[in-house]
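Chemist: This is what each chain is made of:
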Amino acid sequence: MSFPWAKHYEPKQPLMRWLDEKLPLPRLVYNAVGAGYPVPRNLNYFWNFGVLAGLALTLQIVTGVTLAMHYAANGAVAFQSVEQIMRDVNAGWFLRYAHANGASMFLLVVYIHIGRGLYYGSYKAPREMVWLLGVVIFLLMMATAFMGYVLPWGQMSFWGAQVITGFFSAIPVVGETVRIWLLGGYAPDNAALNRFFSLHYLLPFVTAGVIILHIWALHIPGSNNPTGVDVKSEADTVPFHPYYTAKDGVGVGVFLLVFAALIFFSPNMLGHPDNYVEANPLSTPAHIVPEWYFLPFYAILKSFTADFILPAKLWGVLAMFGSILLLFFLPWLDTSPVRSANFRPKYRAFLVVLLVDVLILGYVGGAEAKPQTVLMGQIASAYYFLHFLVILPLVSRSERPRPLPTSITEAVLDKHAGLGLTKSAMAN
Amino acid sequence: MVRFIAILVGAAFTFVLGLALWGTVATWITDPPLPSAEHEFLHHPKDAELSSAGYFGKFDRRQVQRGFQVYKEVCSACHSLKYVAFRDLEHIGYSEAEVKAIANQWAIEQPSVNAETGEAATRKNLPSDHFPSPFANEVAARAANNNALPPDLSLMAKARHDGSNYIYSLVGPDAYVPQPAALVREFPGSKTPPGLHYNQYFANLNIAMPPPLTSDGQVTYADGTRATRNQMAKDVSAFLTWTAEPNLEARHGAGLAAVIFIAIFCFLAWGAYQNVWRDVKH
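Residue numbers (the numbering used here), protein chains in the order written: chain A, 46 to 473; chain B, 262 to 543.
I should point out that these hints are in silico values taken from the structure, not numbers from a laboratory.
This structure is a prediction, so every number in the text was calculated from the model and none was measured.
C-beta atoms are modelled at their ideal positions from N, C-alpha and C, and glycine is treated no differently.
Hints are supplied without guarantee of correctness; some may be wrong.
If you want the ones that stay clear, here's a sample from chain A, every Cβ over 10 angstroms from chain B, calculated [as the list claims (entries may be wrong)]: (1) GLU55; (2) PHE91; (3) LYS292; (4) SER348; (5) PHE353; (6) ASP402; (7) GLY411; (8) ALA412; (9) LYS415; (10) GLU444; (11) VAL457.
Straight-line distance between alpha carbons at most 27 angstroms, and here's what the computed DSSO-like set of lysine-lysine pairs gives [said to hold, decoys possible]: (12) A:LYS460 / B:LYS542; (13) B:LYS452 / A:LYS415; (14) A:LYS67 / A:LYS57; (15) A:LYS277 / B:LYS542; (16) A:LYS52 / A:LYS67; (17) A:LYS358 / A:LYS415; (18) A:LYS52 / A:LYS277; (19) B:LYS542 / A:LYS52; (20) B:LYS307 / B:LYS452; (21) B:LYS385 / B:LYS452; (22) A:LYS391 / A:LYS460; (23) B:LYS333 / B:LYS361.
Please take these sequences and the hints and turn them into a complete structure.
Modeler: Spelled out as structure tokens, the structure:
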């Protein structure tokens, strides 16, 4: 499951030897994130984001479990219990702001992690399973984040739940029945709030389980790297510890700096003011919007405004779910044997367009529905689907990649040959 | 096969989006969106210049106390403050005895139960009580206010965009103005209906709340500050900023400490990284 030159765990202390014989847990850790896991030596800072996502999940579980000790999942008192946490629980404001902004940080680092995978072709053989499990984690995260946003039982919580569960009523014939069954009523109420709380507590642990599979699947081929070239010799790798634990330390520091700035200085920047108004089924907010991390998908949903065989709403729901589910097929849509976009000029250009496209979708998702923004959303949604479903399969056939380095070590030494000259010139 | 189906699916979504786009453009031409009165006449909130604003802001306790006086003498006639307790007033500089007196003398009593008969009764407020609502229930509140419901003010500064400045602007001296003639001319349908009041900072321009701060000196400040309408509006905004975020100072203080601590951590982590990698080109 690893390279032949991987270091082996040799317990020195008698206690560790005893433990290793009975339960080789230290050995597992050593091989997973210790010196026993050889990693390409040329990873850049984009490879920090997997560890950061793991850290974000851990922080969410710690703050979440503590919040659950004070929160009451009952429609009559949920909003009030959140205010009690904010005002009367020791450091309750810190726990709640850390949890609310922690969700944003988690999604942010995961989006960068996914973007890294797209750019460097980490989804390609032999890492398809790593990618598939990653998409499963992403789906679980989205469900968890949505249900967590409902719990404070503010106006956006309630109406967000109303809109999202309303998607299911787009299913022909049985849709409305399914929606009522999911909610446990005709509209979001105590039954819905209770089951959302239950699932919101459960799914992070399911996610943690899938993350273990994700890392397990990763350790079979080993980590990808910025050149996308396979590891060929021991010279291409360094042990994970201490090399990447040290580098991840820097990433963790920067992550915490951004996180702290959000919690302590702008805790409500990413939230919506309406969620400080208690849920009221009789008063619809002027402008229902989801959290920032769902805006691109919300824009796709809203862009389908025309009936064609199927009603517009069903098209929107299909497209919105499709926009995420299509990621499952990515390893087979992109047939280019070259992984890294550094060596794929055309793919790289289209990927930059996709990045801008998703940012536009994010803007449209949060904007008021004016003809200009709707138009923008429709064009951007079309590009999103064309990019993955049409352009990617065609480009990977026609593209002529740039020559690849023969090995990771060669690429690194080439880079330093250039850099070394400038450095010595500067020293003189 | 996967790629063939993918291209078909991609084409289908693009085709339907094309139809939708056609519809959007057609509607835009035949039925362009009309300008709205809100869009043209709504004003952005003015800066209340509160000392609590900004990354390291702190409350001006004297101002927050003045704001509390405005709430007590003006706002509390209609608006509840249900998430705030009398004891919380100690955090804005009132002594324990003062808080006890404020609670005891509060005009509206706390709903209670007669200990002998078990019938509904009221009793004097204690420091541990939350501010009582001026109305027994929503029906009573609406009945007294031309069918409008005065919202609870505890969280108002966070429940509106730019909340602190919004509150200041909404009750400030230039909020309630006569409806501009140009508005009635351009949008005859938007004339302020009877029972509502034109307010150029309110989302739909017509607010049910009558002008709350009508004259200078409406409140006589305990600290001798001249109670102009502008001053009262700023002060009540400062008070409601505190009720919405009572832990703001602790948060800013902890934030500064946390950022300094993490910055040192970053520096050390960077040093460790450089040290570990010094002999490995990467």
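Chemist: Need the status of pair LYS52 of chain A, LYS67 of chain A: alpha-carbon distance at most 27 angstroms?
Modeler: At roughly 21 angstroms apart (the allowed maximum being 27 angstroms), LYS67 of chain A and LYS52 of chain A satisfy the hint.
Chemist: Decide if the proposed pair is consistent with the structure: LYS67 of chain A and LYS57 of chain A, CA atoms, cutoff 27 angstroms inclusive.
Modeler: 15 angstroms, holds
Chemist: The output says ASP402 of chain A does not contact chain B. Does that hold with a beta carbon cutoff of 10 angstroms?
Modeler: For ASP402 of chain A, whose nearest Cβ neighbour in chain B is about 13 angstroms away, the distance exceeds 10 angstroms, so it holds.
Chemist: Under the criterion that the straight-line Cα-Cα distance not exceed 27 angstroms, is the pair LYS333 of chain B, LYS361 of chain B satisfied?
Modeler: 15 angstroms, holds
Chemist: Holds or violated: LYS391 of chain A and LYS460 of chain A, Cα atoms, limit 27 angstroms.
Modeler: 23 angstroms, holds
Chemist: With 10 angstroms as the threshold, tell me whether ALA412 of chain A passes as away from chain B on beta-carbon distances.
Modeler: Holds, because the least Cβ-Cβ distance between ALA412 of chain A and chain B comes to about 14 angstroms, which exceeds 10 angstroms.
Chemist: Are the Cα atoms of LYS307 of chain B and LYS452 of chain B separated by 27 angstroms or less?
Modeler: 25 angstroms, holds
Chemist: Checking one constraint from the list: CA of LYS277 of chain A to CA of LYS542 of chain B, max 27 angstroms. Satisfied?
Modeler: Holds, at roughly 17 angstroms.
Chemist: Taking 10 angstroms as the cut and beta carbons as the points, is GLU444 of chain A off the interface with chain B?
Modeler: GLU444 of chain A is indeed farther than 10 angstroms from all Cβ atoms of chain B, at 15 angstroms.
Chemist: Examine each Cβ of chain B, and state whether all of them lie more than 10 angstroms from the Cβ of VAL457 of chain A.
Modeler: It is violated; VAL457 of chain A is separated from chain B by about 5 angstroms at its closest Cβ, not greater than 10 angstroms.
Chemist: Examine each Cβ of chain B, and state whether all of them lie more than 10 angstroms from the Cβ of LYS292 of chain A.
Modeler: It is violated; LYS292 of chain A is separated from chain B by about 5 angstroms at its closest Cβ, not greater than 10 angstroms.
Chemist: Under the criterion that the straight-line Cα-Cα distance not exceed 27 angstroms, is the pair LYS385 of chain B, LYS452 of chain B satisfied?
Modeler: 45 angstroms, violated
In terms of the numbered hints stated before, the structure departs from hints 3, 4, 5, 9, 11, 21, listed from lowest to highest.
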